[in-house]
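**Student:** From just these sequences and the hints, can you work out the full model?
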Amino acid sequence: MFDFIKDPSLYTLVRGPLVWIAFLVFFAASIYKIRRMYIMARNEKVVLPSIRGEAAWKSILHWIVPFGSRNWRMRWPVTITTFVFHIGLVFTPIFLLSHNILWYESWGISWWSLPENIADIMTLLVIVTSVIFLLRRIFAPDVRFVTSSDDFLILAISFFPFLTGFLSYHEWLLPGKAMIILHMLFGEAMLIAIPFTRLAHMFYFFMTRAFMGSQTAGWGGKDW
Amino acid sequence: MAAKEKVVSREFPEYIRDPNPDVGLDESIKDLKPEQIEKTIMAVLGAHTARIRAVEETCIHCALCSEACQWYLSSDKDPTFAPVAKMRMTVWEMLKRKGKVDAEFIKQTARIVFTECNICHRCSMYCPYGLDVTFIIGLVRRVCYVLGVVPQRMMDQDHSHATTLNQVWYTQNDWVDTMQWQEEEVGAEFKDLRIPIDKEGAEVLWFPLGGEPKTNTYHIERTAKIMMAAGIDWTVAGRDVWDTSNMPMFLRDFTTMNRIVRGMYDNAARLRVKKMVLTE
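Line by line, the protein sequences give chains A and B. The first sequence finishes on residue 229 if you use the working numbering, and the numbering steps up by one all the way, no holes. The second sequence finishes on residue 285 if you use the working numbering, and the numbering steps up by one all the way, no holes.
Note that these hints are calculated values from the structure, not bench results. Treat the hints with care, as some may be off.
Claimed, not checked - Below are the SDA-like pairs computed for lysine to any residue, each with C-alpha atoms no more than 25 Å apart in a straight line:
#, chain 1, residue 1, chain 2, residue 2
1, A, 50, B, 255
2, B, 82, A, 153
3, B, 112, B, 158
**Tutor:** Structure, rendered in structure tokens:
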């Protein structure tokens, strides 16, 4: 933040104020969205009383674990792609060494970080699985029929931070700093986009699963 | 013989079907006014309720629900039969256009939600997010029902329920008479067999489906024999509601749905029975 005031440049902008804005917007809007959904559910009167804790957790667990549900087992190529994609998407940014160094430089905090070569492979896997998702959108008839432009947009939003991150780590295509600036911009765009696009399934997943898990338990069945 | 003419959707060229003439769909759309359609759609689907918004804001269009659907599987995996496709062709399009759709679109919607979905909830069990697709399709059915665009046979059953509280246009006399007739009929085989009507304090109150006294009367007789053989203290309701086939539920006609369920519980409370046994 202070670096930007001392030396205003594109790099210090994306490194300072924009990071703050992105994180603030991400957390504030996410909390707002979750709260809004909760209030709507409460006002609907039938939703919250139907929630059964045990069934809800079982439903979440069975679907968050690879091959934990019938459909994950039936559609195993999609399952592998999905889990590789999401594990890379969530854990690489949090446990990347370079990100850890940035936390440390800014706030003096750091935590466990991934070995660099593993993080590199995970990033590459996110890129590859994104392309698989893209191909699936284009070539699988049932997916293509329901695909609209915003589906490509949210795929791009989650794809570019990883592509630019990968390229900047290897210092390919663009000179070091330019690619890092691009990477930071895409990363900040993604953080801001999560609560406002259907990427919000990041937190809605737990709410919708809890509801359907409870509902099916109420019918005497299970939804995994 | 010339190839049969097909119905092709204006909005979705992939949606190709055989013609399916139905007075309930073809005639009822003729008096629909655009503002009426818009108002109805926004009243039913525009509401800010968690169960609608959660589906709308979460569904990632992955089509993992498609193989849950028996319509999809039995139609050579035609993508227009996938559950998510049915949402796309009906509710998303309605919301995208803020309810400004024409009567022809409502007819197509009614065809999709009434004749190409069984409201079975399987897709919700295959959805990675557990989204309640069936609930949404049910609400679209409600839009069509409120607009009066419903396949004729379904609408007729709903009218029957609304008027007589059973599916088959039976009056209360018809019902009691059928019970007594069946008791008489079976008397030739079993001397002591009774079909007790309105017996207070019985253990079991049995509710048939409307079709049983109307077209399958032997079901009544057989149920009576089973109850006798099992030695169960049972009875049937002499007043409405005695029919459990809640057809208005399939149209999401909330008022009549409510009257039927309430009526059944009222009967059980009036007769102070311990159990309600329903035909399924």
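**Student:** Now look at each hint and say whether the structure bears it out.
**Tutor:** Comparing the hints with the structure gives:
1. A:50 - B:255: Roughly 22 Å between the alpha carbons, so the hint for residue 50 of chain A and residue 255 of chain B holds.
2. B:82 - A:153: Holds - the C-alpha atoms of residue 153 of chain A and residue 82 of chain B are around 20 Å apart, at most 25 Å.
3. B:112 - B:158: Holds: residue 112 of chain B and residue 158 of chain B sit about 16 Å apart, inside 25 Å.
Going through the hint list in order, the structure satisfies each hint without exception.
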